[in-house]
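Participant: Work out the full structure: start from the sequences and follow the hints.
In order, the protein sequences belong to chains A and B. In case it helps, the numbering used here puts the first sequence at residues 1 to 603. In case it helps, the numbering used here puts the second sequence at residues 1 to 365.
Everything labelled a hint here was simulated from the structure, so no lab data went into it. Remember, it's a predicted structure, so these values are computed and weren't measured experimentally. A few of these clues could be false.
As the list claims (entries may be wrong) - If we take Cβ atoms under 8 angstroms as the criterion, some of the chain A residues that face chain B in the derived model are:
hint: 1; residue: Leu10
hint: 2; residue: Ile30
hint: 3; residue: Tyr34
hint: 4; residue: Asp42
hint: 5; residue: Lys45
hint: 6; residue: Leu122
Said to hold, decoys possible - Chain B residues, not near chain A, derived (Cβ > 12 angstroms throughout):
hint: 7; residue: Leu55
hint: 8; residue: Leu58
hint: 9; residue: Val147
hint: 10; residue: Val186
hint: 11; residue: Leu280
hint: 12; residue: Gly341
Virtual Cβ for every residue (Gly too), placed ideally from N, Cα, C.
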Amino acid sequence: MPENRIYEDLTVVRRRANVVFWIFAALVLIVLGYYWKVQIVDHRKYAAMAEANRIRMRVLAAPRGLIRDRNGVILADNRASFKVSLVRENIKDQAASYLAISRLLGIDEPTLRARVDLHKDLQLFEPIVIVDGLDPEHIAPIESRRLEFPELVVESEPQRFYPQGALAAHVLGYLQEQTPEEIRTRPERKIRVGEMVGKTGVEREYDDLLRGQDGAAYEVVDSLGRVQGENARVYPVQGHDVTLALDLKLQAEAERALEGREGVVVVLNAEDGGVLALASSPTYDPNRFITRFTPEEWTGLMTDPLSPLENRAIRGLYAPGSIFKLVMSLGGLGFGFVTPETTVYCSGSTQIYGAIRHCWFEPGHGSMDLANAIKNSCNIYFYTLGRRMGIQKIAEAAFRLGLGRKTGIDLVGEKEGLVPSEDWKMKALKTPWYPGETISVAIGQGQLQVTPLQIATMTARIAARGRQLRPHLLKDAVAGAGIAVGSAPAEPEPFTAATFEAIIAGMWKSVNDGGTGQGARVADFDVCGKTGSTQTMSRESAQKLARAGHETKTHSWFSGFAPRDHSRIVVTVLVEFGGGGGATAAPVAGRLFDMFRQETQGK
Amino acid sequence: MMMIDRRLVQEIDWILLGLILLQSLVGVFFIFSSSHVLPGAYHVRQLAWIGVSLLVMLLVLVIDYKFFVSLSPYFYGLMVALLAATLVFAKLVAGTKSWITLGLMQLQPSELMKIVMILVFARLFADYKRSYLTTQVTLGALLVAGVPLLLIIAQPDLGTAMTFLAVIGGSFILAGLRRKAIVLFVLAALIVGVGGWTVALKDYQKKRVTTLINPAGDPRGSGYQVIQSKIAIGSGGFAGKGFLKGSQSQLRFLPARHTDFIFSVIGEETGFVGVFIVVLLYFALLARMFLSVNKARDRAGIYIIFTASLLLSFQFLVNILMIIGLFPVVGITLPFLSYGGSSLLASYVACGLVLNVKMRRFANV
Chain A
1 MPENRIYEDL TVVRRRANVV FWIFAALVLI VLGYYWKVQI VDHRKYAAMA EANRIRMRVL
61 AAPRGLIRDR NGVILADNRA SFKVSLVREN IKDQAASYLA ISRLLGIDEP TLRARVDLHK
121 DLQLFEPIVI VDGLDPEHIA PIESRRLEFP ELVVESEPQR FYPQGALAAH VLGYLQEQTP
181 EEIRTRPERK IRVGEMVGKT GVEREYDDLL RGQDGAAYEV VDSLGRVQGE NARVYPVQGH
241 DVTLALDLKL QAEAERALEG REGVVVVLNA EDGGVLALAS SPTYDPNRFI TRFTPEEWTG
301 LMTDPLSPLE NRAIRGLYAP GSIFKLVMSL GGLGFGFVTP ETTVYCSGST QIYGAIRHCW
361 FEPGHGSMDL ANAIKNSCNI YFYTLGRRMG IQKIAEAAFR LGLGRKTGID LVGEKEGLVP
421 SEDWKMKALK TPWYPGETIS VAIGQGQLQV TPLQIATMTA RIAARGRQLR PHLLKDAVAG
481 AGIAVGSAPA EPEPFTAATF EAIIAGMWKS VNDGGTGQGA RVADFDVCGK TGSTQTMSRE
541 SAQKLARAGH ETKTHSWFSG FAPRDHSRIV VTVLVEFGGG GGATAAPVAG RLFDMFRQET
601 QGK
Chain B
1 MMMIDRRLVQ EIDWILLGLI LLQSLVGVFF IFSSSHVLPG AYHVRQLAWI GVSLLVMLLV
61 LVIDYKFFVS LSPYFYGLMV ALLAATLVFA KLVAGTKSWI TLGLMQLQPS ELMKIVMILV
121 FARLFADYKR SYLTTQVTLG ALLVAGVPLL LIIAQPDLGT AMTFLAVIGG SFILAGLRRK
181 AIVLFVLAAL IVGVGGWTVA LKDYQKKRVT TLINPAGDPR GSGYQVIQSK IAIGSGGFAG
241 KGFLKGSQSQ LRFLPARHTD FIFSVIGEET GFVGVFIVVL LYFALLARMF LSVNKARDRA
301 GIYIIFTASL LLSFQFLVNI LMIIGLFPVV GITLPFLSYG GSSLLASYVA CGLVLNVKMR
361 RFANV
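Facilitator: Pasting the structure below:
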C-alpha cells in the first residue's frame, strides 16, 4: 500500500458520516416519542383492547364442489353436520376438564389426549376438532351445558356425503384429514388444520378444483372466549363442481355383475376414452369414513386380505392370459412374421424347445389361420408365432400397444405393469433370457403383468383402428377451471388399419361365430372381443388369498368392443378365480353391452 | 502478519463488544419469553448461534480488513453464484427461495451478501478522491449492486433487498451527492416505485403497503399482525406487564413474535421503560460504531465502518417502525435481538469489520 494513504485528507468524508449519524439520532428520538405516545398517552385505549376485546378469526369452512356423473346425477354431495372443538386456552383445570369432556361427548380420555397431543404445536387459542359428523340432536345436550364448558366450541360445517353409497367408491375416492406434518410440508396449498382433503380417487386428483375458499368470521371475544359480536365476515366460496364421464346406470350394472366376487369391470367410451364405468370389487362405503377419526371399520378394511380399498382397475396386476394373443397377432402381422392367411396346424400339442406344450383344446383345432386362431384362442398357433417373433419383438409390440406403462388416466396410484424382455431380465434378475420363457409370454403368461385398465385402453385402440386414446374420468369442469381433457399425445402409428381389421375379424368370430367369447354376444350389436384365462398370478396375492381361504382357480378375462364399425363402447371384465374367461367374464360384458345398446337406442 | 498482535488485542474496542453481547443476551431472554410455549428451545439455539457468531467475528478480527477488501471481488462472484444457485435449487421455504441448507444449519445467502456488498463498495470507493460522485462511478456502482439485488428480489425477499439500499445509499452519501443527483435519485425512486407497484409487486406485498394506511382493511393478514403488535406495545404502558406475563395471553396472537416482532414482546412485557433502555443500548452501540469513522486510518476503513453501521441502524429503525405500524411489514429482523442464525451472524460480522478497522488504526502497513 502506498504510504501517502495514511496522510490523505479524509475530513470531508468523515464530516458526511457524522452528519448522517446525527440525522439517525434525531430519527431515533422521534420514534421514541411515538412509542411514548402509544405506550403512555394512549395506554388506556390499548390496555382496554387487550383486556376486554380480542378479535378472533373463526374459519367458515367452504363446501367442496359437487361431483356428478355424465347425466348430472350427484355422486358426491355435502350435508350440514356439527363438530365440537377444544380451545386449550380456556381450560382451567386440565385433568378435570378432560374427564368432564370425555363424559359429555362419550369419547375415552386417552383418545382425547392423543388427539390434542397431535396438535400440540398449534397456538393455544386455535380450536382442535375432537368430535365431528354430529347431527343436530347430538348437539342439543352439549349446547345446553355451554356455560360449564367454556373450552368447547360447537360449529357447523359442510360434510362430504356420498348419496349413492358404495357406488363408484373407487372412482370417487375418499377424504382424510391432513396431519399437521403434511400441512407444514406443503404450505403453498394453504390447507387449514382439520380440513378434510382428497386422499384417493377423483377427490384427490381434482382436490385443488373441488376445494373451495374458506371464509372467515371476525368475532370479538371476551377473556373467557365468549363471542361478544361480529366485526366482519368473509363468506366461503364453494369449490368447483366436477362432472365425470361416468354413467351411473352402467356403473351400477357393472358393480351388480361383480357382486360377491373379486374383480374389475372397465367400460370406456370408444370414441373419446371417457370412462363410463369403472368397478372394482370388493368395495366399501366411503360415507363411513367422512370423519377425522379412525373408526374400527376402517382398520378392518386396511387389513382385509381382499384389500377392498385398492382400486384393482388401475392397481391390480394380472397376467393377461389369452387376451395377450391380440398383442401377438398385431405384432406378428404388423412386423410381417405372418399374414392373415398363414396357417399353423394344431394337433392338440407340440414340441417346442424340447418340451411338450399343450393346447387348451386337447383334440386339437386343426389348421388355423390368424382369425380362427383368435376365435378359438389356439395356443399352438401363438406358440409358433411367439417362437418366430422372439421376445424382443413381442415386447416391442406390447409396449407400442400401451402395456408396461401408465395409461395416463386422471387417477393417482396407477401401476405400470410389466412387459418382460431380455434387458429387463438381465437388469432385474441378473440372468439371461431363456427361449422357453418366450413361449409362456406368447400366451400371456410368464412375468407379464397388466392392469385391467391397460387392457381396456388397448382394446379401445384396436376398436379405433390404432388411434390412441387416453382414458379419462373428467368429462368437464366448470368454465375457467383450466383443466384440459383430451386424447394422449399422438405417436407414430406402427400398425396399419388393415392389420387391425384382420385382428378385429378374429375378435368378431370369437363372439359371433361360436368362438370362446360367445357369452358376450348381443343381438344386432356386433360385439368383437377376446377371452382369457390366466393360470398364474403374482405370488404375493396368491399367498394373501391362501390366507383368506380361497382356492386358486384361474382368473377370467374378457375384453371387447361394439359395434364392429364406428365402435362406441369398450368393455373389459376381469373376474378373479372366475374360471374360464368365456364362461364367467364374457357374459358379464354381454350384460353391459346389452344395457348400453338399450340405453342409447334411438339416440 | 496473519497472527494477531498483542498490541492489536489492546486496541480492540471492548466496550463495543460488550454492548453487542449485552444486546444479544437481552434478545435471548425475550426469545425465551415469546417462544417457550413452542417446541424447539429457540433460546438455546440462539445462544448456540451467538457462540458461533462470536467465533466467526474473532476470525474476522485476525485478518487485516484490507485483505478482505482486496479479496472482495472473489467473495462477490461466489455470493452471486450462490444466490443464483439458491434461486434454482433451494427448497421453497415459506414461499420464498431464500434458504440454503448446509447440514443441520440453514443459511440465507442474502444475509451474507450484505457483508460482501460492504466490502465491495469499500473497494470501489477506496481510491475515490473527488469530492462529488460522477455519473460514471454512480452507474458502475449501481450495476455492481444491481445484480445481487435483482437475484434477491427474485427470491422474493423484499426486506433484505431493502437493506441493500442502506449500503448503496450510504456509500453514495459519503462519496458526495450534488443537489441535482439527489433530485434524480428521488425521481428514479418514484418511477421504480410506481412501476414496481403496478408491474412487479405481488398482491401480498401491495396489501402490506395498503395495510399501513388502513390496518383494519386486512384484519387477519398483515393488518392483523400490526394491530395485535400495536395493542401489545400500547397495553404495555409505562412499566410493562412483567417478564413472561404479557397479556394478550402471552402474545399468542402475534405471529413471528420471536423473530421480526420481538420488540413488541419487549414493549408489552417491560413497557416504555424497557423500550427506552433497549433503544438507549442500541443508540450507544450504534453511536459507538458510527463515530469510529473518526478513528479509521483510510478511506476504505471509513466506508466499511459507515456502511456497516448504517446497515444495522437502518434495520433497527425499519423494524421498530414496522412493528408499531409506521412502516409496511417487510420482514426485516431486529439485529442482535431477533431469533435467527443468518441475521445474527451477518450483524456480528458487520460489527467485526468495524472493530477490525478500528483496532488497526495505528498499525503499520
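Participant: Next, verify each hint and record whether it holds.
Facilitator: Here is how each hint holds up against the structure:
| no. | hint | verdict |
| --- | --- | --- |
| 1 | Leu10 | holds (6 angstroms) |
| 2 | Ile30 | violated (10 angstroms) |
| 3 | Tyr34 | holds (7 angstroms) |
| 4 | Asp42 | holds (6 angstroms) |
| 5 | Lys45 | holds (7 angstroms) |
| 6 | Leu122 | violated (10 angstroms) |
| 7 | Leu55 | holds (29 angstroms) |
| 8 | Leu58 | holds (25 angstroms) |
| 9 | Val147 | holds (26 angstroms) |
| 10 | Val186 | holds (16 angstroms) |
| 11 | Leu280 | violated (9 angstroms) |
| 12 | Gly341 | holds (20 angstroms) |
The structure shown violates the earlier hints numbered 2, 6, 11.
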